[in-house]
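**Student:** Could you slot chains C and Z onto chain L? The hints should help.
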Amino acid sequence: MASHSVLDELKKNQIIELLEQGKRIDGRALDEPREISIEINAIPKANGSAKVRLGDTEVLCGVKIQPDRPFPDMGDKGIFMCTAELLPLSHPTVETGPPQAPVIELARVVDRGIRESHMVDVSQLVIEKDQSVVGVFADIVVIDYDGNLFDACSYSATAALLASKTPKWTMVDDKVTLVDGEESPLPTTTIPVSVTMGKIGNHIVVDPNADEWASMDARVTITSDSDGNICALQKGGSDGFTLEEMQQCGETSVRVGAKIREKLKEAQQAGQ
Amino acid sequence: MADKRKYVIPGDVVTTGPFRPEQNVILDGDKIIATMVGISEIYDDSVRVLPLAGKYIPKIDDLVIAKVNSHTSLSWELDINSCYVGFLPAQDVFGRDFSAHADELTSKLKTGDLVAARIANFDRTRDPLVTIADRDLGKIDSGVLVPISPSKVPRLIGKKGSMIQMIEMGTDAAVTIGQNGWVVVSCESPEGLLKAKKAIEMVNEKAHVANLTEQVKEMLEIKDTES
Amino acid sequence: MGGRDATMVLLDENGIRCDGRKIDEPRKIMIRAGGLKNADGSAYIEFGDNKILVGVFGPRDVHPKHMSNTDTGILRVRYHMEPFSVDERKRPAPSRREIEISKVIKEALEPAVMLEKFPRTAVDVFIEVLQADGGTRCAALTAASVALADAGIPMRDMVAAIASGKVADTIILDVNNEEDQAGQADMPVGYMPSLEKITLLQLDGVLTPEEYKKCVQVGVDGCKLVYELQKKALTDKYFGNKGD
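Chains as they are written, first to last, in the numbering used here: chain L, 1 to 272; chain C, 1001 to 1227; chain Z, 2001 to 2244.
Bear in mind the hints are in silico, worked out from the structure with no lab data behind them. Here the structure is a predicted model, which is why all the values come from computation and not from measurement. C-beta atoms are modelled at their ideal positions from N, C-alpha and C, and glycine is treated no differently. A hint or two may mislead.
[As the list claims (entries may be wrong)] Here chain C is said to cover these stretches of chain Z; the calculated rule only asks that three of the stretch's residues, wherever they fall, bring their Cβ under 8 Å from a Cβ of chain C: (1) 2096 to 2106; (2) 2147 to 2153; (3) 2188 to 2200; (4) 2226 to 2239.
[Claimed, not checked] Now the in silico label distances, taken between C-beta atoms and shown as ranges: (5) C:Ser1162 to Z:Lys2224: 42 to 50 Å; (6) C:Leu1194 to L:Ser37: 24 to 32 Å; (7) Z:Asp2071 to C:Asp1044: 31 to 39 Å; (8) C:Lys1059 to Z:Thr2072: 53 to 61 Å; (9) C:Glu1214 to Z:Thr2170: 57 to 65 Å; (10) L:Ala258 to C:Lys1059: 51 to 59 Å; (11) C:Phe1098 to L:Gln100: 36 to 44 Å; (12) L:Asp31 to Z:Ser2068: 45 to 53 Å; (13) C:Tyr1043 to L:Gln21: 51 to 59 Å; (14) C:Leu1063 to L:Gly228: 55 to 63 Å.
Pulled out of the complex, with its shape left as it was, chain L reads as follows (with noise of 0.2 Å):
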């Protein structure tokens, strides 16, 4: 049904009234997320998983890694895939049937976030040059909608990945075996964290929940690593953001993703 995703006039009025303010409909300073829950292991029988609340966003990933076949001209690397998938049961509006653009921008600006850290070395994942390597693959879904998936979807991903432990295969007699009782944890180089920030009106504000969501012009998504330094960025929405919006996003997602980089290193600790 329509109605869902038709955010009644009173509510979006008051979200801009109160923007004017510097305020937000739900008290948060306007560079302020949402508390991130993380429950690492959330699914014992994968490689790696966690499931991440992020306002009554719920999402969860769980990472399963075993050998397969390399690309064709990749043959000294292993494969690292992430893919995201919006399950009907988080929203209403929801169709079932092949995914849409919006959920395979979705998956890739989640994918490119953390392949463009270079967080899994896939230089570290083969087991027979050209003939056999490790696939790590993420496999994203959303359980629960209330805004800003890109960074939900992304800080499961990243935290399945720090929590997931490889299997060791080696070649025997042309054949890949697993090696029993010799599990590690996946090597990983970085810890990347999106941050997304939504446009509305002339006002910018961080981890946009589904109310701003349905209410904001425009948005821009923007990874950054350990080091601080910027590795992924995706503009979307239909309108623009001037220069010094754009730049001033870049220094706002490396100070917040410090923050957040740090709630994931904690789950992480803890999980273990």
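**Tutor:** Only chains C and Z this time, still in chain L's reference frame:
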């Protein structure tokens, strides 16, 4: 006067015997079976279940709060928080002289607007017909929409309106309750607005609790002494 | 099927199964009603190591309109497994197995759901298997029933489900993954406890006529145990003390 109230889930046998099955129960042989999660009530000659979950089913003459979904050149489609969508014909707002060429629907109501409306006609073979043609109906210009479960509306109103009056007086807010579970609250002071909203949400959450009235009263008074 | 794995002991001399259970003992089951913010009704179940989430929307408008029925509402069920829910990662596209199970669960719920009360609408049941360990369709059906009640969809009865089966020539209750792979028979059963009707029944394996009768009986008795937990889930959410 109902006696022997019982908590039931679908499939539970409420009672056996010569009773007339009313809302949310069915007759199977001589067993009266609940079809919803709720509270069963046995009267002298009939049995019914008050549901604690479920969507709003439109009833003729119900006051509802509705949101404009979309429109054609001849009518608006309204979300009435039900499995059926409300149909508001242009004539209802523009009058008999309505002309699709001359009169633009968005000049009166556009997508996203909230209205207080009444169910004019409904049977399950077609979408409910809605009207805003009375004095107390029409576009809502200010306030906050607080959705509650439609099954909790009687509790929010209270016996002869006692619960809602208590909330209005304790906060100076004006509250319009739609039978469809959508409630609009407006208040001059932001504190009063917030208090009223909290009180309404409390009723929604604790409708089944025996001393709810006391709890709401306490909550309204406690905030008073703090401010 | 048929006791392929000679190395696994499915039933030892003391009548204890490979995971320590007795022959009539179900795995640990936990059911929670509600939990999702946007769905009209929801439920979450843990059945042994199975973890399954169900969300229900409806009754609601049907699109495209030609799929709706003027005399009655329609029930649509989608059973879907996440890629990380099974041992070897599963591709996201629906498999033939998922499509069949969706249909079987739909037909197990239809006798219970009073669709005739909502012509021209649909009730959508979305089942997501987050972690699988044998008997997912029974756990899914059980949770779906709770989610429908949570959504306030009128039902003649609940539908509870569990799988009975045979290992080492013995009829057992609640077949787990190893028993499903290496045992002799697996029989998922779905049952309406008040109306006393079986609405889901399948069989994989070989049973003598006597074993068959016993297996169905054991399954139905198991469903009655599962029903108690469905009742508990709804009671906890709707009738329980919320700390007052």
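**Student:** With reference to the structure, classify each hint as holding or not holding.
**Tutor:** Structure-based check of each hint:
With 0 residues bearing a CB less than 8 Å from a CB of chain C, the segment 2096 to 2106 of chain Z misses the requirement of three and the coverage assertion fails. Three residues within the 8 Å Cβ limit are the bar, and the segment 2147 to 2153 of chain Z against chain C gives 5, so the coverage statement holds. As drawn, the segment 2188 to 2200 of chain Z meets chain C at 4 residues by the rule of a beta-carbon pair under 8 Å; at three or more, the given contact holds. Figure legend: the segment 2226 to 2239 of chain Z, annotated as covered by chain C; annotation consistent (6 residues with Cβ-Cβ distances under 8 Å, at least 3 required).
In this structure, Ser1162 of chain C and Lys2224 of chain Z meet the distance hint of 42 to 50 Å, their C-beta atoms being roughly 44 Å apart. Our hint of 24 to 32 Å for Leu1194 of chain C and Ser37 of chain L holds, since their Cβ atoms are close to 25 Å apart. Roughly 35 Å separates the CB atoms of Asp2071 of chain Z and Asp1044 of chain C, a value that falls within the hinted 31 to 39 Å. Our hint of 53 to 61 Å for Lys1059 of chain C and Thr2072 of chain Z is violated, since their Cβ atoms are close to 21 Å apart.
About 58 Å separates the C-beta atoms of Glu1214 of chain C and Thr2170 of chain Z, a value consistent with the hinted range of 57 to 65 Å. Our hint of 51 to 59 Å for Ala258 of chain L and Lys1059 of chain C holds, since their Cβ atoms are close to 56 Å apart. Separated by about 38 Å at the C-beta atoms, Phe1098 of chain C and Gln100 of chain L satisfy the suggested range of 36 to 44 Å. Between Asp31 of chain L and Ser2068 of chain Z the beta carbons are some 47 Å apart, a value that agrees with the proposed interval 45 to 53 Å.
Judged by the Cβ atoms, the range 51 to 59 Å given for Tyr1043 of chain C and Gln21 of chain L holds: they are separated by roughly 55 Å. Judged by the Cβ atoms, the range 55 to 63 Å given for Leu1063 of chain C and Gly228 of chain L holds: they are separated by roughly 57 Å.
Hint violations for this structure: numbers 1 and 8, all remaining hints satisfied.
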